[in-house]
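Q: Sequence:
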Amino acid sequence: MADAEEGPTGSVSEPLDLVRLLLDEVVFVKLRGDRELKGRLYAYDSHMNLVLGDVVETIYLIDEDDEDEDIKTTTKKVGNVICPR
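According to the UniProt record's numbering, the sequence shown is numbered sequentially starting from 1.
Misleading hints may appear alongside valid ones.
As the list claims (entries may be wrong) - As a list, the in silico EDC-like pairs of lysine to aspartate or glutamate whose alpha-carbon atoms are at most 16 Å apart:
1. Lys76 to Asp54
2. Lys77 to Glu36
3. Lys72 to Asp34
4. Lys38 to Asp17
5. Lys77 to Asp63
6. Lys30 to Glu57
7. Lys38 to Glu57
8. Lys38 to Glu25
9. Lys77 to Glu57
10. Lys76 to Glu57
11. Lys77 to Asp65
12. Lys72 to Glu36
13. Lys76 to Asp34
14. Lys76 to Glu36
15. Lys72 to Asp54
Think of the hints as simulated: they come from the structure by calculation, not from any bench.
These figures come from a predicted structure and were not determined experimentally.
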């Protein structure tokens, strides 16, 4: 197995170590149903449940009836969110 990478706050040996390095940083979370969350990562657990703050939700709506298949977006500020897996 390859050597672990050294980051500014420690080593990365497992995928969850990358999430640990993103604590208190702004992250994007892609959800089912063409939804996306952008917010500050406050906490997580081993099941990838996330606690985000200052969240902005973006919903992408694709109009398949038109020939152009226009993509419309709706954005709203939702505050603090817990994202269960």
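Q: Does each hint hold? Answer for all of them.
A: Hint check:
no., hint, result
1, Lys76 to Asp54, "11 Å, holds"
2, Lys77 to Glu36, "12 Å, holds"
3, Lys72 to Asp34, "11 Å, holds"
4, Lys38 to Asp17, "20 Å, violated"
5, Lys77 to Asp63, "23 Å, violated"
6, Lys30 to Glu57, "10 Å, holds"
7, Lys38 to Glu57, "7 Å, holds"
8, Lys38 to Glu25, "10 Å, holds"
9, Lys77 to Glu57, "6 Å, holds"
10, Lys76 to Glu57, "5 Å, holds"
11, Lys77 to Asp65, "29 Å, violated"
12, Lys72 to Glu36, "14 Å, holds"
13, Lys76 to Asp34, "14 Å, holds"
14, Lys76 to Glu36, "11 Å, holds"
15, Lys72 to Asp54, "23 Å, violated"
The structure fails to meet hints 4, 5, 11 and 15 from the earlier list, while all remaining hints are met.
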